[in-house]
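Same order as they appear, the protein sequences are chains A and B.
Following the working numbering, the residues of the first sequence are numbered contiguously, the last one being 1209.
Following the working numbering, the residues of the second sequence are numbered contiguously, the last one being 1707.
These are computed hints drawn from the structure, not numbers from a lab.
It cannot be assumed that every hint is accurate.
Here are the simulated EDC-like pairs of lysine to aspartate or glutamate, each with C-alpha atoms no more than 16 angstroms apart in a straight line [to be verified]:
#1 Lys-132(A) <-> Asp-1328(B)
#2 Lys-1324(B) <-> Asp-305(A)
#3 Lys-1098(A) <-> Glu-1652(B)
#4 Lys-470(A) <-> Asp-332(A)
#5 Lys-1426(B) <-> Glu-658(A)
#6 Lys-1586(B) <-> Asp-903(A)
#7 Lys-1545(B) <-> Glu-1652(B)
#8 Lys-1426(B) <-> Glu-648(A)
#9 Lys-1586(B) <-> Glu-1639(B)
#10 Lys-430(A) <-> Glu-501(A)
#11 Lys-824(A) <-> Glu-648(A)
#12 Lys-93(A) <-> Glu-1318(B)
#13 Lys-824(A) <-> Asp-974(A)
#14 Lys-93(A) <-> Glu-1381(B)
#15 Lys-917(A) <-> Asp-897(A)
#16 Lys-390(A) <-> Asp-363(A)
#17 Lys-1206(A) <-> Glu-1344(B)
#18 Lys-131(A) <-> Asp-1327(B)
#19 Lys-813(A) <-> Asp-903(A)
#20 Lys-1586(B) <-> Glu-1637(B)
#21 Lys-669(A) <-> Asp-846(A)
#22 Lys-48(A) <-> Asp-1241(B)
#23 Lys-132(A) <-> Asp-1327(B)
#24 Lys-66(A) <-> Glu-1668(B)
#25 Lys-1346(B) <-> Glu-1106(A)
#26 Lys-66(A) <-> Glu-1344(B)
#27 Lys-926(A) <-> Asp-869(A)
#28 Lys-1516(B) <-> Glu-1503(B)
#29 Lys-66(A) <-> Glu-1655(B)
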Amino acid sequence: MSWIQDIFAPEDRTWESFYRNRWSYDKKVRSTHGVNCTGSCSWEIYVKNGVVVWELQGLDYPIIDKTIPPYEPRGCQRGISYSWYIYSPIRVKYPYVRGVLLDLWRKAKKANPDDPIAAWRSIVSDPESRKKYQQARGKGGFRRSSWAEVNEIMAAANLHTVQRYGPDRIAGFSPIPAMSMLSYAAGARFCQLMGGVSLSFYDWYCDLPPASPEVWGEQTDVAESADWFHSKFIATVGSNVLMTRTPDAHFLVEARHAGAKVVVFSPDFSQVSKVADEWVPLHQGTDGAFWMSVGHVILKENYADRQVPAFQDYMRQYTDAAFLVTLDKQPDGSYRAGKLLRASQLAATKAEENADWKFFVVDEATGELRMPKGTVGHRWQKQKGQWNLKLEDAAGKPIKPLLELKGRTELTAPLEVSDFSDGTNSRTLKRHVPVRQVETVNGPVLVTTAMELYFAQYGVNRGFEGQWPKGYEDDSQPFTPAWQERFTGVAGSVAVNFAREWARTAEHTGGKCSVIIGAGVNHWYHNNLIYRSIINALMFCGCIGKSGGGLNHYVGQEKLVPQASWAPIAFGADWAGPPRQQNTPSFHYMHSDQWRYDRAFTEICAVKDGSHPMAHGHTADKQALAVRLGWLPCYPQFTKHNFELVKEAQAAGAKTDEEIVAHVVKQLKERKVKFAMEDPDNPECFPRVFYIWRGNALMSSAKGHEYFLKHYLGTHNNAIAEEEAKPFVKDVTWHDKVELGKMDLIVDLNFRMDTSALYSDIVLPAATYYEKNDLNSTDMHSFIHPLQAAVPPCWESKSDWQIFRGVTEATAKLAQRFMPEPVKDVLISPLMHDTPAEMAQPTVKDWAKGECELIPGKTAPNIKIVTRDYANLLNRFVSLGPNFRNNGLSVHGTHYDVDDAYDAYLHTSPTEKWAGKEYPSLRDDKDACNIILHFAAETNGEMAWRAFEAESIKTGIDHTHLAKDTRAVRTTFDDLAAQPRRTLTTPFWTGITNGKRTYSAYCQNIEELIPWRTLTGRQHLYLDHEAYVAFGENLPTFKPRAELRVTRDLEKSNKEPGSIVLNYLTPHGKWHIHSTYGDTLRMKTLSRGCYPVWINDKDADLIGLEDNGWVEVFNDHGVVCTRAVVSARIPQGIMLLYHSPERTLGVPKSPERGNRRAGGHNSLTRTRLKPLFMIGGYAQFTYAFNYWGPPGVNRDTFVVVKKLDKVVY
Amino acid sequence: MDVRAHVSVIFHLDKCIGCHTCSVACKNVWTDRPGAEYMWWNNVETKPGTGYPTHWEKQDKFNGGWKWNGNGKLDLRCQNKADAFLKLFYNPNQPNLDDYYEPFTYKYEDLFTAKAGDDQPTAVPVSLITGEPIEIKSGPNWDDDLSGSPIYAENDLNLDKLTDEERAQLFEVERLTMFYLPRICNHCANPSCVAACPSGAIYKRGEDGIVLINQEKCRGWRACVAACPYKKIYYNWKTGKSEKCILCFPRLETGQPPACFHSCVGRIRYIGVLLYDAERVPAAMKVQDRALVESQRNAFLDPNDPKVVAAALKNGISEAFIDAAQKSPAWNYVMKWKLALPLHIEYRTMPMLFYVPPLLPIMGKTADGAYEHSADKFFTSLEQSRLPLKYLASLFSAGNEQVVEQVMKKLMAVRYFKRWQSVRDLPENEVQKILRQAQTTPEEVEEIYAMTALPTQYERYILPPIQREEAIQNTCSPEACKGCSGFSLEPTTQGERA
């Protein structure tokens, strides 16, 4: 035996208790992190001596099935660092107000001792004092205040704004409710009870993939991560699973061990490439070219050369491929694919209810035109039960839809196919497609199937004349494998091989091919086209709606599972409604004046036909059109105070609400009153008060951050871009000079001093995730679990729920003195998805141009009169209002009653009594959580049962078997504290979680024959809206990413020798979740101690830059100063700055911009909107909050990089 | 036969996602205090890369581990009898601050206290040691994800054995690659730190083999810091004592896996008992480099062998402990499936932590400027893997490529078999050939698959029952201990004596 002796003797080892004592603790409490993250991980928080000491993951997720890996553990390097924040020096412990403002306030209070509203008015209406505190924003000088004082300031600002401008000038922003839904609801409920505005997040963050509403009529639905394990071929596209889906990455890795092939598409050797079988380093933003060629190969080999019955059946039943499309004759004799053939066009069917919204296929057996069930027209007709995907018509007669007309007709017609390869619309190709002639009420038209259009569009020739590619090697025409090489830098053989393995896997497994897709694709201007090219490759192989198959878009945390009961609480619909829900990209584009720096959008977006009103001009004018026609919301609403409009109407003799509305319509028609977005620089239209909570609205998500500082805050900024819009805008009012600093008051609730807090007027100390009770859910798994207070809110902090209850209380108290009576408010709202307004506008007509009448809810927004009751604001806030009981709950147009449950609840739970009535109490956060759980279908089996009963009436198919076994399930907050609980199958989501099944999107559509909420009720490969035709996006296509000359990012910036121009990308990082955690000592220590940019070694050589050297990165929008990480892992030509840095930590001053403090990643971006996504009133293209509207894209951006020689803080 | 029980661990690198959750879990629980800032008992390194402390593998600089001159003796590389005494006072083999990093923080409080001025305040970085402003030039994870870095990845010592051409390719994008190497103390069976300690403060625990530094006996000579070839012992500048990974023995003793295991989101970590014959150590480490992996395996004892069981019982190892050894994932990975290999066994400390090497993507080449790869294999392949076997052999088998190749073949075979089984799109005879070449069977493949992809925490962590009452009764009655647990004016070291 060696001389090394093991020691057994315990008596020699008593010192070991040194470490044993460290490990001991007093209790552990289940909670999680309410950060904007899909993780939704269950954590155990360890408390020792009354102090949170560390956290470790909860390992007790219920096992779904022993044949798949379990969910434990979930939680990443960021989450496990959270406890650092609680006692750290960056923790906000007390209420703070900037000293300049606090002095002004205290002085004004002295001058107006009995009237805080007058005091506030005196500050904000005096240009000098206004300028003084606005210019001090972000520049230090915070002073500690008290809750009483800050509540009074906020209350005064709220009511002053209501009195002077109207409540819709109060806006609130908080991201993604799912991760701490009650905290989100706190501020939203306050805003909506006030009559204020809730700003959307999913589209603003560019997390919303517009292709999802385009194709599926769904905001987003995806598989839970465990479902990846069932996949046999996984492509990750623009998604760095290891980095951004850290707790779920193991399912991807383990799926490989179960026999899945993994191919990673990413320009850089990203972390997920490590687990790939193949890493395909295609050039950034060119994925669409690759996947169009994959589609080309699949169509050629699996549809043209041979037919796979399963693929054919899938396309027939679940997509619009068999529907007939009319072909419009062009002056040159060729044809353009136009609208679907409608029932209204044929003499035999034009009398049908909703005849504009029912469509035709050809029956294979008879060759007759037949009208299948399940379209939007069937959805909203009086006769229920015909909205389903059975292969039959309304009379129940079976149909076998014909996919191809080839061989069924002698007639062909030359179809014009656009080729946008060079970024313009200059090239078109003529390809013949088989057609049929149909006699319509307006004469004969040619029609063909959407499937035939696909062959033509993808360039797959089956023997027809015209300009077709000669083979895979032909690079002269889209979309061959050889053609894509010039964009992607990837050999055509890679695409061919990929497509073959992909289709073969799908054929062998019944569709178990999946794509994990993310921001690397979705953040490009033409994201929808890239997505559709990929979705089509999935649909061609029958992969969507299958376990282990489908498109899994994980960008942002969209899935708040118990939606039905949560939404009315969050948006105050239990008392009044509808809520004012603004799509934020439009809001910030217009109100932060970024539109003023923009030119005609067609410079960046090639269109097919610029003669259409949506396909030319300035984006701001398209936005104005969109609000006039009721496509998108517009808050603030008008160039006039809403209350004044009501008074005016009454003075003019209006007695009823209808008469008031008529007055408003008249004012609009005569253009005496305009929409605020038609004149955003009119001071009457400014947003005035801005509440930010749970987010970093001024930095992380603020695309065009420096424009925020300039136009909203009125403080210093580093943007130097020229205002260029004047010659391009026709509708929106141009002011040569605008007032900087639109916002009167900015309030930030925060537990840490981040950039938004640093630039706000008032900073409120918010409880951390370990100091409050809340609920948490995600799309990454199918469980719901709680946040809980492991320790009480530290120092003077409070939970968001408590804080907004306090603001509400202070405002109500002031209102009891100054605005004691209820008051009438005019409320406009856009045409809404999942309502009959989906059929409002078969064509685009602008009433303001005399093209049609102004009819609210049809050709223009809905207009309604509602009542605000400020004196009872607190009472309403803490009481679950009567509309909840009386209206019942609904999601996506499916409704269930809860009146009996509401009445019963009054006997078993805390209540509020006032004005002679009794309501379930929302006063305490845990009570509110329990209400959400008790009334939601996903956590109460009885409600799920009722929801499926309602769904069954719509479809005419009995779906209640999905709720039968779980009807008795009831879930309480205490249940969740004991163990995460799996959520139930409901018609509000498209997957199925019964038994041992893993959730995968659209399984209900496939298995239950429930239509998608689209025009035809099927998945849409073809989009026939006239704006899509004009943009040349009715068929999937490829439009290259924007070049520098069209983004105009560097018109005024120095491009001197020693600098290099790069495409600037901001993917999600390893050491932060957005900006959270990135400022913790842990993450800073494990990374580079800063927020570095990543650059290729050869690019670095060009400017003499070494690893860890300082750089200045700038363009016309702003500047970033940081260090560089140099690595061949990054390809040449791009620079990564991982989203999202704070400018609060170690940021030097910029010599390039006058030695002022440099900014963060969004200092280099600017909001660019694609107007196509503004259309409305047309099936799936109809607005819903966070569902539809242009997202805030940011990848088409360029920067100059040069070395920073001297670092000055 | 002198049977010892050892709690041994497996890190499955094919599953590691490089997230560092393990590192933070450890830091929060154990080293979140003055004097321990720079200690990362658990760290994760990007390979190729230089690691932490920088170039820790450079034994011609640090002189860690053992050297064997081919005869009957192993010598510590860092000292001989003559200079051992001198090196107490000056040890040139130790890493210094430049090899680690200067811990830092930020003046966060300035964000609250900055006076009203004409520009935005920012929290500047300051040293945690001096409090003075600092320029951050290094950190404990400085070359994270830095594959393709001319400064870091290219200087990985394990690349030394590659040809110039092979080396150059690794830094062209079409062959670029990286993987992650999490590291904790190896709790070696032949630990050089124990041998080097002049105070006799370091020992292996008899019941589970955990290597500990007695904080009462340690005099801070730091000979162990130099002697450990893995640089997993750190000197605490505040207490003046050295500290290291303790394999979370207080958690093990209460039936919980170590914190870094608990928190491993990649689910790469396994823990289980291995039985070994102490009589065969350190002779097992006195063979040629190429034979070291096999030689170490020869020291392990089959827990199902009745003779071994009898000898173990005789040595005082409990039945429950032996039962744990029989169910041990460590035994399966190291001995039964031979998939897990020790890190740098050529340091001859006989590490008891074993790694399953990673599969990496197939390489591509640029022809005429377009990225391309050959499509002759369905999955990635060994022949065309982005990382030469030579490199993996340098890490995990003291240069013996055959050992690593056998492992990789078996890992691939599992995937091919499961593919064939669930998709049937590969020819059956080809799959059978793959199994044969990997020297495995469908039955073994199923076992490996289940333990790789499906295991719950209860299958990954087979913890032996450590019966604390038996240890406690040597110094104090468990009944008394129960009554007065925690009562002490010296809460750190004296707790249980009260």
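Hints and how they fare:
no., hint, verdict
1, Lys-132(A) <-> Asp-1328(B), "14 angstroms, holds"
2, Lys-1324(B) <-> Asp-305(A), "75 angstroms, violated"
3, Lys-1098(A) <-> Glu-1652(B), "50 angstroms, violated"
4, Lys-470(A) <-> Asp-332(A), "25 angstroms, violated"
5, Lys-1426(B) <-> Glu-658(A), "89 angstroms, violated"
6, Lys-1586(B) <-> Asp-903(A), "66 angstroms, violated"
7, Lys-1545(B) <-> Glu-1652(B), "13 angstroms, holds"
8, Lys-1426(B) <-> Glu-648(A), "89 angstroms, violated"
9, Lys-1586(B) <-> Glu-1639(B), "11 angstroms, holds"
10, Lys-430(A) <-> Glu-501(A), "31 angstroms, violated"
11, Lys-824(A) <-> Glu-648(A), "12 angstroms, holds"
12, Lys-93(A) <-> Glu-1318(B), "12 angstroms, holds"
13, Lys-824(A) <-> Asp-974(A), "42 angstroms, violated"
14, Lys-93(A) <-> Glu-1381(B), "51 angstroms, violated"
15, Lys-917(A) <-> Asp-897(A), "21 angstroms, violated"
16, Lys-390(A) <-> Asp-363(A), "14 angstroms, holds"
17, Lys-1206(A) <-> Glu-1344(B), "13 angstroms, holds"
18, Lys-131(A) <-> Asp-1327(B), "14 angstroms, holds"
19, Lys-813(A) <-> Asp-903(A), "30 angstroms, violated"
20, Lys-1586(B) <-> Glu-1637(B), "15 angstroms, holds"
21, Lys-669(A) <-> Asp-846(A), "11 angstroms, holds"
22, Lys-48(A) <-> Asp-1241(B), "15 angstroms, holds"
23, Lys-132(A) <-> Asp-1327(B), "12 angstroms, holds"
24, Lys-66(A) <-> Glu-1668(B), "12 angstroms, holds"
25, Lys-1346(B) <-> Glu-1106(A), "12 angstroms, holds"
26, Lys-66(A) <-> Glu-1344(B), "52 angstroms, violated"
27, Lys-926(A) <-> Asp-869(A), "26 angstroms, violated"
28, Lys-1516(B) <-> Glu-1503(B), "22 angstroms, violated"
29, Lys-66(A) <-> Glu-1655(B), "14 angstroms, holds"
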